[in-house]
Amino acid sequence: MAITRINHFSAADTKEDQLQTFLCSLVPYITSCDGNLMCEVLRQQDSDNKFVVIEKWESVEAHQQSLANFPSDDMQAAMALFGAPPSGAAYQKVVPI
Numbered sequence: 001m002a003i004t005r006i007n008h009f010s011a012a013d014t015k016e017d018q019l020q021t022f023l024c025s026l027v028p029y030i031t032s033c034d035g036n037l038m039c040e041v042l043r044q045q046d047s048d049n050k051f052v053v054i055e056k057w058e059s060v061e062a063h064q065q066s067l068a069n070f071p072s073d074d075m076q077a078a079m080a081l082f083g084a085p086p087s088g089a090a091y092q093k094v095v096p097i
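Using my numbering, the first residue of the sequence shown is number 1, and each one after it goes up by one.
No lab work stands behind these hints, which were simulated from the structure alone.
Computed spacing ranges between beta-carbons, pair by pair:
#1 Lys93 x Gln18: 28 to 36 Å
#2 Met1 x Ala80: 35 to 43 Å
#3 Thr21 x Pro96: 34 to 42 Å
#4 Lys93 x Thr14: 37 to 45 Å
#5 Pro96 x Asp17: 39 to 47 Å
#6 Asp13 x Tyr91: 25 to 33 Å
#7 Lys93 x Asp13: 32 to 40 Å
#8 Asp73 x Val94: 36 to 44 Å
#9 Ile97 x Thr31: 32 to 40 Å
Note that beta-carbon positions come from the ideal geometry of N, C-alpha and C, so glycine has one too.
The whole structure should be built from the sequences, with the hints applied where relevant.
Structure (structure tokens):
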């Protein structure tokens, strides 16, 4: 079943542009993964330090596989850019009852 993953990020003070660059650098990796349908990075209009990454996947398993294959060193290096721990959840399309 297809899912939409919505991920929230807050940048550390003065790290907004660096976090934006990092998040945008993830898009080619994510979109090249098996089962990815779409990925985009959004910056909150009224708060420069808030970002959302929206991903669409063919399945939860496809998303989990992409995480398993992502270089952990790259993610560790980005930790200094976060003002708070990232959060996110998977959503599925609602079918009218």
